[in-house]
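Trainee: Given next are the chains, with one letter for each unit.
2 protein chains.
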Amino acid sequence: MEFKFSIAVLLFCWISKSTFGDITDNEIDQCWLPENLVNEIESYAPTVNKIINETVNGLYKGTTWQELATFVDKFGPRLSGSQVLENSIDYMLDKLVKHGLENVHGEKAILPHWVRGKESATLLQPRVKDIAMLGLGYSVGTPKGGITALAIVVKSFDELRERRNEVPGKIVIYNQDFVNYDETVLYRINGASEAAKFGAVAVLIRSITPVSIYSPHTGMMTYQPNIPKIPAACITIEDAALLNRMADRGKTILINISMEAQTLPAVKSRNTIAEITGSESPEKVVVVSGHLDSWDVGQGAMDDGGGAFISWNSLRILKALNLRPRRTIRTILWTGEEMGTVGSHQYIQSHTADNEKLQLVMESDIGTFTPIGLAFTGPENAKCILKKIMSLLKPINATGVRNPNEGPDITEWVDSGVPGASLWTDNGKYFWYHHTNGDTMSVEDPHALDLCAALFAAVSYVTAELSVDLPHKN
Amino acid sequence: MEFKFSIAVLLFCWISKSTFGDITDNEIDQCWLPENLVNEIESYAPTVNKIINETVNGLYKGTTWQELATFVDKFGPRLSGSQVLENSIDYMLDKLVKHGLENVHGEKAILPHWVRGKESATLLQPRVKDIAMLGLGYSVGTPKGGITALAIVVKSFDELRERRNEVPGKIVIYNQDFVNYDETVLYRINGASEAAKFGAVAVLIRSITPVSIYSPHTGMMTYQPNIPKIPAACITIEDAALLNRMADRGKTILINISMEAQTLPAVKSRNTIAEITGSESPEKVVVVSGHLDSWDVGQGAMDDGGGAFISWNSLRILKALNLRPRRTIRTILWTGEEMGTVGSHQYIQSHTADNEKLQLVMESDIGTFTPIGLAFTGPENAKCILKKIMSLLKPINATGVRNPNEGPDITEWVDSGVPGASLWTDNGKYFWYHHTNGDTMSVEDPHALDLCAALFAAVSYVTAELSVDLPHKN
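Just so you know, the protein sequences line up as chains B and R, in that order.
Going left to right, the first sequence walks through residues 1 to 474 as the working numbering numbers them.
Going left to right, the second sequence walks through residues 1 to 474 as the working numbering numbers them.
For the record, the hints were derived by calculation from the structure and aren't laboratory data.
Mixed in with the good hints there might be a few duds.
Same chains, same names: a pair is fine if it fits in one copy or spans any two.
Within a straight-line C-alpha distance of at most 20 Å, the following computed EDC-like cross-link-like pairs (lysine to aspartate or glutamate) qualify [claimed, not checked]:
| # | residue 1 | residue 2 |
| --- | --- | --- |
| 1 | K108 | E356 |
| 2 | K50 | E40 |
| 3 | K197 | E260 |
| 4 | K129 | E86 |
| 5 | K95 | E280 |
| 6 | K74 | D130 |
| 7 | K74 | D248 |
| 8 | K144 | E35 |
| 9 | K251 | E67 |
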């Protein structure tokens, strides 16, 4: 009887999983929570429903999109080190105060100041053609007049090594296939130094994206120690393929690359902080975060205007609904993320003493499309509580919890044992627009932003209000 | 009994239609053909299968893509009036002779010679920002230094008329929604004159596409008689939306547009012709066609390199297979299509006496993606024969026949009563790349091109070999 019952329950769970998607990770939920905790979490349903209704259908419907559009249209892209980023931070500090948030302040972070300058790439042989390009963050520039050199096209680091004897004095063009971002981005990050080891004078790297309408992508690169620093830029999928075909036909490929890129002295910036201070344990904190800086192309609406704006708007909505939980909810709008999580690194390092008091740290930085749930890293017992909390998001069908966290700015916290969760959305088109001029408000959908803001508001509220702390260890 | 049988047959047909897609037009096929014609058409199945196998799996597998890539990589874009277009025509004439095609020659066509020159658009207020743009074919340029003027943003021609009093001296920005190409392209075609009627000094038009990664599209425009000619360019979806949002917020929008565009004296070009001469009635002709010219952006690989190359390759494959039908198969690679079907107009007008002898005219100009069948205009009895012929394409699942023809270069023939059919493919992404720098070989798929070439080869062969002429009238 018990066996049969279990089978029936398992079957029901499996059907539920398929139908409603509220159990993920391809596993049957192994969680057990005390009945009083289960009951407590379920008792937040009316509050969560109120948060959802006000955000998605009520007074705040569409406001995240409107606020974000006003912001990115006013400032445009906000590169680390630029005055416009600092102006946009001033605007946000003012905005957060005006919305009645508490403890609003900037915390100093020193940022690198890389500037693009004018740049161009031109195919000179076998025929003259402009090559659309975007120099990479931290890249050195070329001498005035640029570098004119023959080019070699490779499909992989393996091919580069096999053909190392052909590399000296040449521009290396990487036409690697797009496998996935984490794997393929290594060509953008390491391509320059790997080619410079064999004597290359510059690199052009196929943009890290599965889809292109002749759209070059920028992003960060790094130089390895003791290897000559050579200029590095991304070109379009289309031109990488064109140059590869020309090379395959035995054509001589001659290219001029001209880049004014340089790194200026470091500048002072700020991480932007605001809170709803906890009523009982204000020293215990739930963090919701995204970054305000962006690349110097497009509007930085998707990366990461959306993440930053759902974060602070979730506090604004809770504040407007007079929902003050026991613990503090803190929004952090990071600076300097695109140059290597520079702002968050400095913030986290200067607050390590408070790590034990962090309940949960959240981040959104891979798109604010229709939300599915959260991507979590932390102990299983914390995950079980989070899963139960996420079941309250059933009205917006965003109850998923999967591993691992994918938030770059909270990674240091997560690595040091703080439970961390990044927003999980239906972001299949994210890399189409990522680090391009196409990262604009046209990618952002008002309803999806409302859903994401509702999720962040609900999870941060319940987690901050819960009678028990979210455990840092099993 | 008969009634029941009919129901069963109808039901079977309906299922067949749904499953195999070989009856289209949302209708049950009403065709009746003489048994001997049905038998004759079915007797071509082994020949059609041979054409398909050799094209898709055999000796010619991938050759259309390879030939096309070699061509567009060598010449790049081929604007009407340009020397590179003429060079590419010389290359094709040579290529067609080398492949043993017959009666290879160019037929003179006089083309307009519009040139883009340097061009830029810059937002000056409320903040400084480059606006990606592409001037439109036939547009006049601006004075040196450009036009700097306040802008008004409208969503439609109706809104333009309602706000006509605000227009004098301004740049009009059209941010019309994309409904479909035929409807929305009217903003690109007529937008300049409609705005100039009310005193506008220039127009910027949202590109005619449903999808953008900050990608401006060019295309042709026309000036209405006795209306001042003002400069016209397309901008991206993203910037049209941005400017509209700024206007909605009451911001003053100041823009500089600078265009060197001008129309130079007309030049001589050529339509490129090659044939497999008919064995019995060489004066009777089946035409397969696409255009060689392109816009001056991208590579003109999709529009219309693919169409031109499946056309001549279908003859090349038939020739190589020693398939010489009773009637002549003629490939025509049109010139001057993008400037208003200028080359085909002159060809058709100079050959009207031969219209009666045209069996079927075919064209591919809306993409060479996976083929579905043909889009046909002509009498029902001709359509019935064509449907039966198309049933032979079952092995590649491309048996569809729908109305009407969508081939711009053959429209004059079709309007004068010649049966005409354009290639029907799964071209849902066509307008993503159309008239952009993204129109490159990266859009073209080798297998899809093989399938399209096989379809053109098979249909042209069977139609040219058939014992009866395709009727021009019911």
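Trainee: Taking the numbered hints from earlier one at a time, note which ones the structure violates and give those numbers from smallest to largest.
Mentor: 1, 3, 5, 8
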